[in-house]
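From first to last, the protein sequence lines are chains Z and A. No gaps in the numbering here: position 101 of the first sequence is 101 in my numbering, and each next residue is one more. No gaps in the numbering here: position 178 of the second sequence is 178 in my numbering, and each next residue is one more.
I should point out that these hints are in silico values taken from the structure, not numbers from a laboratory. Worth double-checking, as some hints may not be accurate.
Chain copies aren't distinguished; within one or between two, either way the pair holds.
Unchecked claim - The list that follows gives simulated cross-link-like pairs (lysine-lysine, DSSO-like), each with its CA atoms no further than 30 Å apart:
#1 123 to 280
#2 280 to 267
#3 28 to 280
#4 325 to 66
#5 366 to 224
#6 10 to 175
#7 175 to 58
#8 10 to 58
#9 123 to 194
#10 123 to 90
#11 325 to 280
#12 66 to 366
#13 280 to 66
#14 175 to 366
#15 269 to 123
#16 10 to 206
Remember, it's a predicted structure, so these values are computed and weren't measured experimentally.
Number of protein chains: 2
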Amino acid sequence: MINVNDNFLKLPGSYLFTEIAHRVAAYKEANPQAPVIKMGIGDVTLPLPAASIMAMQKAISEMAHKESFRGYGPEQGYDFLREAIAAEYKQTGVDLAADEIFISDGSKSDCGNIGDIFSTNCKVALTDPVYPVYVDTNVMAGRAGELLPNGQWSNLVYMPVSAKNGFVPELPKEKVDLIYLCFPNNPTGTTLTKDQLKVFVDYAHKNGALILFDSAYEAFITEKDVPHSIFEIPEARDCAIEFRSFSKTAGFTGTRCGYTVIPHTVKAKGSDGQVVELNKLWLRRQCTKFNGTPYIVQRGAAAIYTPEGKQQVRQLIDYYMGNAKIIRESLLKAGFEVYGGVNGPYVWMATPNAQSSWDFFDYLLKEKNIVTTPGVGFGPSGEGFIRLSSLGSRENTIEAMGRF
Amino acid sequence: MINVNDNFLKLPGSYLFTEIAHRVAAYKEANPQAPVIKMGIGDVTLPLPAASIMAMQKAISEMAHKESFRGYGPEQGYDFLREAIAAEYKQTGVDLAADEIFISDGSKSDCGNIGDIFSTNCKVALTDPVYPVYVDTNVMAGRAGELLPNGQWSNLVYMPVSAKNGFVPELPKEKVDLIYLCFPNNPTGTTLTKDQLKVFVDYAHKNGALILFDSAYEAFITEKDVPHSIFEIPEARDCAIEFRSFSKTAGFTGTRCGYTVIPHTVKAKGSDGQVVELNKLWLRRQCTKFNGTPYIVQRGAAAIYTPEGKQQVRQLIDYYMGNAKIIRESLLKAGFEVYGGVNGPYVWMATPNAQSSWDFFDYLLKEKNIVTTPGVGFGPSGEGFIRLSSLGSRENTIEAMGRF
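Pulled out of the complex, with its shape left as it was, chain Z reads as follows (with noise of 0.2 Å):
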């Protein structure tokens, strides 16, 4: 028998929301009758933009004939999409050149893969609770060392944040090489100014650290003074990369489309000291181990940045953050203690009476026929929370707060 990667023997059980689904589905087998209201996964509900729908049916057209069929497309996407991005960029004042743009089958993909790149000896730091996924690709990598009884890993560097410290991360105590940072976050939707962002920023510059900025929910923000993009600060050209999705932003969850940016300016050395862009590894990793964003699904993407496209994505968005404002509201009106919903699509809210997140959940769940996502999920600072998701329908939104 060979061996496998006894990393993967350490992770516990399913991935998060694999483990929720089969919950749910068990309830829902036994209980067929049940009116089940899902706010837990991020999933959206409303049709893809009509853009997109557009330019997609075009894109199969094409595919049905000899002289405007596409075969393989370039491993970083094809540059009508990847300029439509460097042209959004600008317009927020960021400059990049379009090769400094990978595009992707999604952010889940990029932020797994990302690992191959760096050093397994790397030092990982990210806050607690977190997207699971940056955890569990880590301890597969053989970066996370042993799983402690608290639910932590014994290597990974951990940045909790509550109501305590108002939900900004302190600064690693210790030396990190790789930092973490989703905002608006997913769990808890919160958001740090461009002044707490910028704190780490010049950390990562003055330590040699390399931040992985998740702004996968950019789009959600509505207040002024919250970043989209870490590269509103002009240093972290050299010290940080940044993951995007058309996920939440044009319900592209099942159509899968996603992309980084590694600017030409972030270098990594090798241990024999030899200087690196990692950008040219990004690039040779796609390029040997993926073979490209289907061309319909860029084609879908790309639609989005036309001025219908940027106005029913607006109209998705509007409608999303109508929800939140509902849940929001809905649940401080019930007394409840209650974060994010303002800048993004999830509302972090903690459980009745310091109950267990999956005390929370399973009640939810059979009482009240609401699925969530239990906070310790995300981590053990997610103790006593859940998390609800507005991406649901209006609808059902309100159904669900009637039933809180």
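Please build the complex by placing chain A on the supplied structure of chain Z, with the hints as guidance.
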């Protein structure tokens, strides 16, 4: 500065096909009028099967309406596609459960990412010449050792194939863990009989090795006694996994869909001796680092299993194999030493006067305006050979053969 994965720094230059694409682009830019015919990268040229086009148009319409919109799909792929694939296997006498099939965005991703679940200490054996992804991804994982002057890697075990051994690899002479086999073969186009393949299955079975069987080209097989699946050999269920792709079979090179088959009976172990199902590890990997193949694409792929779809795929394959026949016969008539092109879309020819692969590649590009793939790009045993693809148009194929 953070440390990178040093293994990336060992890789010489670019991924093979990226390098070729650059040379060709440079030539075309300098010679925009040159009638360049592409027979290099194995990219298809005929449009998608009409059944796939229709299925995808329907799927896109579904994505335009709230009631039929689909968000996140199961990471393992939709039932409708996995069951269609299982039914297809059953018709060839291979019994698989749908959960032994994992839908992906293509074999290149799977062949590369599969390494995540194996120990980095696994010893790897592969044929020579070989699809560069198997080599490069093991270099990245740290299994390949150091690059030797002859282009081979110090830690990989090579099983050379050539006219001398009738393109039938010999068993490894040392203990190995992972054995990559691709039949019909890329790049040589040659095949093994069931008995010849069984030699490897028996070896793997007896020595606790795992065969990674790539049958991306199985749809092109014309001869009997050439297995379409490793699982036609029953003992392979314990010691093999299989990669398949819609790329060449149905023209999905730019649409991206493939699948990996991992029977529940394939076991492996942790270094503490615990036994695990590889199926479970791959599921965990995909649930954590992948978010599924687009719904639209899965509908397009499933359509090839309908009666119309099967007929249309047959027409595609027959067309390309018609090209292969022309290539083989033209080259044989011109006195060249030729292999392949009977059970697969690649033709493997010896260069005239034992020219080096790259020299003949350059000659063909500049003097004949034909793009090929230099055999040495697939490994040292490919030196003195070039690979020609029969996936182009009939007109270009005839024209190109006229130039030889």
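For each hint, the structure was consulted:
In the homo-oligomer, the alpha carbons of residue 123 and residue 280 lie at most 30 Å apart both inside one protomer (22 Å) and across protomers (28 Å), since each shortest distance falls under that limit. With identical chains, the CA atoms of residue 280 and residue 267 are at most 30 Å apart within one copy only, with a shortest distance of 10 Å there and 37 Å across copies. In the homo-oligomer, the alpha carbons of residue 28 and residue 280 lie at most 30 Å apart only across protomers (24 Å), although the nearest pairing inside one protomer, at 48 Å, exceeds that limit. Only between protomers do residue 325 and residue 66 lie at most 30 Å apart by alpha-carbon distance; the minimum there is 22 Å, versus 50 Å within a single protomer.
In this assembly of identical chains, the alpha carbons of residue 366 and residue 224 never lie at most 30 Å apart, being 40 Å within a copy and 58 Å across copies at closest. For the homomeric pair residue 10 and residue 175, the shortest alpha-carbon distances inside one copy (25 Å) and between copies (28 Å) are both at most 30 Å. Proximity of residue 175 and residue 58 under a CA criterion of 30 Å is satisfied in neither setting, with 51 Å inside one chain copy and 53 Å between copies. For the identical chains of this complex, residue 10 and residue 58 are neighbours neither inside a copy (47 Å) nor across copies (43 Å), given an alpha-carbon limit of 30 Å.
With identical chains, the CA atoms of residue 123 and residue 194 are at most 30 Å apart within one copy only, with a shortest distance of 25 Å there and 49 Å across copies. Proximity of residue 123 to residue 90 under the C-alpha cut-off of 30 Å is found in neither arrangement, the shortest distances being 33 Å within a copy and 48 Å between copies. Taking identical chains as interchangeable, the C-alpha atoms of residue 325 and residue 280 are never at most 30 Å apart, the minima being 43 Å within one chain and 40 Å between chains. Proximity of residue 66 to residue 366 under the C-alpha cut-off of 30 Å is restricted to the inter-copy arrangement: shortest distance 27 Å between copies versus 55 Å within a copy.
With identical chains, the CA atoms of residue 280 and residue 66 are never at most 30 Å apart, being 34 Å at best within one copy and 41 Å at best between copies. In this assembly of identical chains, residue 175 and residue 366 lie within 30 Å of each other by CA distance neither inside one copy nor across copies; the values are 45 Å within and 54 Å between. For the identical chains of this complex, residue 269 and residue 123 are neighbours both inside a copy (15 Å) and across copies (28 Å), given an alpha-carbon limit of 30 Å. Taking identical chains as interchangeable, the C-alpha atoms of residue 10 and residue 206 lie at most 30 Å apart only when they sit on different chains, with a minimum of 29 Å there against 34 Å within one chain.
Hints 5, 7, 8, 10, 11, 13, 14 from the earlier list are contradicted by this structure; the remaining hints agree with it.
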